[in-house]
Amino acid sequence: MACFLIPMGEAIVTTVVQKVVENREKKVGGKRTDNAGLKWSQRLSWLNKLLWGGTALLALEHVWHGEVVPWPPFLTAMGNPADVAPMLHEMAIFGVAMAITVTVVWAIIVMVVELRAKAMPEAKVKPTSGGE
Amino acid sequence: MWLIMTALAAVITTAIWYVKAPEDKYKLGLLSLIFWGATLMWFVDHVIAYLTEGGEFFEINPDATLLGLSVIILALLVWEIVLLVSDPKGILKRALKR
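Residue numbers (the working numbering), protein chains in the order written: chain A, 11 to 142; chain B, 2 to 99.
Quick caveat, the hints were computed from the structure, so don't treat them as lab data. Here the structure is a predicted model, which means the values were calculated and not measured. Virtual Cβ for every residue (Gly too), placed ideally from N, Cα, C. Hints may be right or wrong, so weigh each one.
[Said to hold, decoys possible] Looking from chain B toward chain A, a few residues come up when the C-beta cut is under 8 Å (computed):
#1 L31
#2 W37
#3 L41
#4 M42
#5 L68
#6 L70
[Claimed, not checked] DEER-style ranges, computed between Cβ atoms:
#7 A:N33 - B:F59: 38 to 46 Å
#8 A:K128 - B:A96: 39 to 47 Å
#9 B:G91 - A:D93: 48 to 56 Å
#10 B:E57 - A:P96: 18 to 26 Å
Same shape as in the complex, but just chain A (with noise of 0.2 Å):
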């Protein structure tokens, strides 16, 4: 019905995060970190960008069932008080562990990165792309 606005949420609060961080970075001259050769930035960047396509496309998808409209008050199971309460449930549900899903994924891929950045040689080490 609305599980879209979970991650949604999420995405508004890593976005300003992430402006937080990337101008302390740019404060202290753009300082990588040790490892990976990574702005931590760069790769709150990856988490935006996972929940930011997520929820564009999710919310195509609800347009397409009719459970979102272009007017007030948008959400169609707003229209009936009846399903308030079935909405809130399923974004409780549904909503929370998308989000929860897709921030363990990205946790798991910065690990990843983190570790194989630690096992190479430090010459080798270059920042990835893909992230910016």
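Take the given structure of chain A and dock chain B to it, following the hints.
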């Protein structure tokens, strides 16, 4: 069906990104992350729905296929807009300077 189609798009895009890596001039990393984000979310959605409501895991019909195509087009559209705005080859900048 849209889960399968998005997952396929994610796998193909990631493979192309990897072939070109570490260079990412055309932001294929962004496109693959968009597809993976949606794939993960729909996978969770399908698993929970299957466990709680039962029924078929994949919805395979013309409507679901059309939705799959639509989400791929949306992802490509978002990626192309980002690509044109960033203009890595400087083509738009040169055209605007003329």
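Hints versus structure:
1. L31: holds (6 Å)
2. W37: It holds, given that the least Cβ distance between W37 of chain B and chain A is near 6 Å, below 8 Å.
3. L41: For L41 of chain B, the interface hint holds, since the closest Cβ of chain A sits about 5 Å away, which is under 8 Å.
4. M42: Holds. Min distance 4 Å.
5. L68: holds (5 Å)
6. L70: violated (11 Å)
7. A:N33 - B:F59: 38 to 46 Å: holds (44 Å)
8. A:K128 - B:A96: 39 to 47 Å: Once the Cβ atoms are compared, 46 Å apart, the range 39 to 47 Å for A96 of chain B and K128 of chain A holds.
9. B:G91 - A:D93: 48 to 56 Å: holds (51 Å)
10. B:E57 - A:P96: 18 to 26 Å: Cβ of E57 of chain B to Cβ of P96 of chain A: about 21 Å, so the range 18 to 26 Å holds.
Hint violations for this structure: number 6 only, all remaining hints satisfied.
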